Amino acid sequence: MDDETKYQIETVALAHYLPEQSDPAINRYVFAYVIRLLNIGNVAAQLISRHWIITDSGGHVQEIRGLGVVGNQPILNPGESFEYTSGCQLATPVGTMRGTYQMTAEDGVQFDAPVAEFLLSMPRMLH
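The sequence shown maps to residues 1 to 127 in UniProt numbering.
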């Protein structure tokens, strides 16, 4: 078995705008996002840390690094998933997020689980 199929975490992201926490009059746009991680590999792996790159439509980039997610460093056995909700704030009504989770497999191998870029958008901003 090759390492490409041995160490695989599938990631799915879904974001939505939070109007009750946002205030467009002061350029405050708040978004919640749900991330689901699924171990489609053949070995258990633990999520150790995260690295996010958040870009607003004005070109401002925020980089966020930290241990775990929402206070957890979940261990995912093959076939298991973990889902959590978090949020971010932008100064523009549209932006993007992308990132990686740094994982450590039960055999000690470290690998990244990428999260493809996804859209953060206030409703009715895109045509």
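Mixed in with the good hints, there may be bad ones.
[Stated by the list, open to error] Mimicking EDC-like on lysine to aspartate or glutamate, the simulated pairs with C-alpha atoms at most 16 Å apart in a straight line are:
1) 6 - 83
2) 6 - 80
3) 6 - 107
4) 6 - 106
Quick caveat, the hints were computed from the structure, so don't treat them as lab data. Small disclaimer: the values here were computed from a predicted structure and weren't measured.
Hints versus structure:
1. 6 - 83: Violated: residue 6 and residue 83 sit about 21 Å apart, past 16 Å.
2. 6 - 80: holds (14 Å)
3. 6 - 107: Status holds; Cα separation ~11 Å.
4. 6 - 106: holds (11 Å)
Violated hint for the displayed structure: number 1, the only one.
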